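Trainee: Spelled out, the chains give:
Number of protein chains: 2
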Amino acid sequence: MSGFDYAARMDQARRELTGSDIDVLLVSVGSDLPYLTGYEAMPLERLTIAVVPREGDPVLVVPELEAPRVDRVPGVFTVQPWGETEDVIEIVAGLVGGAGKAMIGDQTWSVFLLELQRALPHTAFRSARPLTEALRVIKEPAEIELLRRAGASADVVAGLLAQHTFAGKAEAVVSREVSEMLEANGTDVAEFAIVASGPNGASPHHEPGERVIGEGDGIVIDFGGTVGGYGSDTTRNFHVGEPSARYMEVHEVVRAAQKAAIVTARPGVAAQDVDRAARRVITDSGYSEFFIHRTGHGIGLDTHEDPYIVEGNGQVLQPGMAFSIEPGVYLPGEFGVRIEDIVVCTENGVDRMNRSSRRIAVVG
Amino acid sequence: MSGFDYAARMDQARRELTGSDIDVLLVSVGSDLPYLTGYEAMPLERLTIAVVPREGDPVLVVPELEAPRVDRVPGVFTVQPWGETEDVIEIVAGLVGGAGKAMIGDQTWSVFLLELQRALPHTAFRSARPLTEALRVIKEPAEIELLRRAGASADVVAGLLAQHTFAGKAEAVVSREVSEMLEANGTDVAEFAIVASGPNGASPHHEPGERVIGEGDGIVIDFGGTVGGYGSDTTRNFHVGEPSARYMEVHEVVRAAQKAAIVTARPGVAAQDVDRAARRVITDSGYSEFFIHRTGHGIGLDTHEDPYIVEGNGQVLQPGMAFSIEPGVYLPGEFGVRIEDIVVCTENGVDRMNRSSRRIAVVG
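Same order as they appear, the protein sequences are chains A and B. One point on numbering: in this note's numbering, the residue at position 310 of the first sequence is 310, and numbering is uninterrupted. Add 364 to a position in the second sequence, counting from 1, and you land on the number used in this note's numbering.
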């Protein structure tokens with residue numbers, strides 16, 4: 001999280017405010033705050049919040065006992081610690097003052113929004129997403145480099161997994177192994193490792209559990225972690241022993257759908273058109289009702305962020321946008337298949353952050 | 365998270381609603397949902413929320429792709445999946461209907477509260493904490509048993525750390541070692557391991573970093589993790605080589621303060637009186653300005669929850685309340701000392717969940 005020009009980002013945020021009817025931006029837990037300041041709020045009951053007025057200096061209101069954690073970035077913000085017996089809402093309300101309209105970060109806890117609404121009855125609150133998205137959705141070269149390193153680390157693990165032994169192990173054990181592999185191969189922090197075997201593969205966000213993997217199981221492994229705060233997120237499919245014709249057919253459909261989406265993604269194309277490209281292949285193959293999620297999501301400091309690759313999102317892709325392409329087919333009671341890569345939109349297509357084999361890996 | 369009587373808890377929540385002027389309880393991310401239903405919402409941009417009306421059946425609104433993760437608990441709630449292109453706010457607003465007053469879980473993302481407020485302009489929202497706290501603050505015997513197991517695991521690690529080698533290691537490396545020790549000794553999931561060495565010890569929520577621990581350093585280690593979802597949280601102090609007289613004096617002050625708070629805590633005493641007992645010892649020793657945080661926090665499914673042991677909290681302790689007692693003294697530029705244990709209020713005092721030595725551990 002170092003090496004970024006936070007002063008420039010904060011200036012851009014304030015330019016966005018100047019061009020709007022919003023008087024103040026409030027940013028608490030989540031990735032907007034580290035994006036703007038380099039500081040990540042602890043997601044706890046003591047409020048940390050940056051008050052960014054259209055005019056005047058941004059102030060980071062932070063619990064006194066956490067103030068020593070804050071790396072001061074000169075010229076970006078001042079720090080206002082609050083003590084354990086002070087009323088932080090009163091402090092923030094004083095800084096917000098007579099603002100008619102305030103934007104507040106999406107992940108801010110509702111309890112704080114309710115208290116601010118009570119303390120500031122004449123202030124209208126709305127989501128900060130339009131503003132913060134405008135800043136965050138186009139990645140800087142240094143951000144893309146971190147996404148690339150995170151993706152390369154995940155690719156190494158995908159390669160290792162193709163040689164790995166699964167039979168006889170519980171999903172939760174394999175999940176732990178995947179996380180360890182990530183951190184041993186260039187990822188700073190392993191964030192998630194879905195391991196969904198056999199019929200559990202039909203649950204896209206399956207929680208890896210006690211099910212022991214055995215002969216004949218398909219296994220969906222969806223994993224990622226961060227490098228310098230920026231994430232990876234890739235999904236590959238493994239099979240203990242030779243897969244059935246049906247499994248191979250479904251995998252091929254998903255692979256074709258993923259490829260169709262990837263070649264569709266380029267500047268000027270709407271996000272939903274990428275979803276449609278993947279969905280068309282799956283629909284034409286007769287599996288439309290089993291592709292039960294969108295085709296992808298943006299990625300950066302958050303694993304899920306704008307742009308969302310989903311029907312109804314007319315947002316036009318631009319160079320520097322980073323997102324997943326991850327169609328899947330989920331057959332309840334049988335198995336699931338998903339193939340996922342991160343791509344970054346370039347001038348004339350996409351740059352893949354993941355280059356590991358997308359074939360079914362037959363494993364032991 | 366299994367083995368609890370979710371039907372009884374949900375019944376109690378609805379009895380609380382019946383005795384109030386609140387029409388509906390809305391519960392999303394955070395621990396209120398798993399407390400009531402056994403299901404933990406994924407903290408992502410797709411809304412998961414339980415709608416618990418005063419009359420009628422509770423409904424868990426969940427993203428379609430996550431519906432297979434939900435363990436149905438018969439008689440507790442029904443599941444309503446929402447598809448990727450559906451408007452979940454419209455669905456929730458339909459379930460809330462004409463509610464005049466709604467309570468919403470504290471950690472619910474503000475973006476969803478703002479959207480619900482827009483969709484339900486005649487509904488007044490307030491924090492659910494008074495209701496959920498009433499349920500969660502008194503621990504059931506099975507919850508206390510999990511707190512006890514989590515504490516015992518942490519105690520094993522405290523003992524191992526007293527024999528551990530620190531000199532020459534970066535704080536972040538030791539932090540990783542502490543987490544591994546926890547998971548190797550009975551903790552399901554290691555949640556945090558603050559390792560604050562030398563002058564970093566004066567930062568209570570220090571982020572373990574690249575600082576290499578060396579001779580003459582005091583080290584504050586504050587760590588914990590969960591067993592069955594219930595947490596541990598304990599702090600001990602280590603010193604590479606023999607500590608100075610000043611360090612020993614400060615440690616003795618903190619130890620006396622912690623003891624004073626522990627013997628004060630019992631049913632009928634206000635939470636703030638426990639804080640005062642610790643603070644008085646530190647104040648009498650001349651260090652009052654260096655004890656910059658409250659004396660403790662409740663613990664359960666959340667590492668920080670009610671009751672907070674802080675000046676201004678007149679809440680009266682009752683048997684079954686679980687909380688930390690953790691005074692500290694932080695000398696900027698020098699070192700810090702904190703001693704922390706979890707206790708559970710009993711009929712006539714407290715039951716300690718942590719029993720490892722509270723002495724300074726002189727280490728290499």
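Keep in mind the hints are simulated off the structure, nothing from the lab. There may be inaccurate statements among the hints.
To be verified - Counterexamples of contact, computed for chain B against chain A with all Cβ distances above 12 Å:
#1 Arg373
#2 Pro422
#3 Thr449
#4 Gly464
#5 Gln481
#6 Ala526
#7 Lys623
#8 Arg630
#9 His657
#10 Thr659
#11 Asn677
#12 Val680
#13 Tyr694
Unchecked claim - Have a look at the derived ranges for each label pair, beta carbon to beta carbon:
#14 A:Ser244 x B:Ala371: 39 to 45 Å
#15 A:Ala142 x B:Leu408: 22 to 28 Å
#16 B:Val633 x A:Ala142: 52 to 58 Å
#17 A:Asp284 x B:Leu408: 26 to 32 Å
#18 A:Ala172 x B:Val520: 19 to 25 Å
#19 B:Glu711 x A:Arg118: 34 to 40 Å
#20 A:Glu145 x B:Glu606: 33 to 39 Å
#21 B:Asp369 x A:Leu44: 26 to 32 Å
#22 B:Val553 x A:Pro130: 32 to 38 Å
#23 A:Ala142 x B:Glu653: 38 to 44 Å
Predicted model, so just to flag it, every value in this text is computed and none were measured. All residues carry an ideal CB built from backbone N, CA and C; glycine is no exception.
Trainee: Would you mind marking each hint as holding or not holding in the structure?
Mentor: Hints versus structure:
no.	hint	result
1	Arg373	holds (21 Å)
2	Pro422	holds (19 Å)
3	Thr449	violated (5 Å)
4	Gly464	holds (16 Å)
5	Gln481	violated (9 Å)
6	Ala526	holds (26 Å)
7	Lys623	holds (21 Å)
8	Arg630	holds (23 Å)
9	His657	violated (4 Å)
10	Thr659	violated (10 Å)
11	Asn677	violated (10 Å)
12	Val680	holds (19 Å)
13	Tyr694	violated (8 Å)
14	A:Ser244 x B:Ala371: 39 to 45 Å	holds (42 Å)
15	A:Ala142 x B:Leu408: 22 to 28 Å	holds (26 Å)
16	B:Val633 x A:Ala142: 52 to 58 Å	holds (54 Å)
17	A:Asp284 x B:Leu408: 26 to 32 Å	holds (30 Å)
18	A:Ala172 x B:Val520: 19 to 25 Å	holds (22 Å)
19	B:Glu711 x A:Arg118: 34 to 40 Å	holds (39 Å)
20	A:Glu145 x B:Glu606: 33 to 39 Å	violated (47 Å)
21	B:Asp369 x A:Leu44: 26 to 32 Å	holds (29 Å)
22	B:Val553 x A:Pro130: 32 to 38 Å	holds (36 Å)
23	A:Ala142 x B:Glu653: 38 to 44 Å	holds (42 Å)
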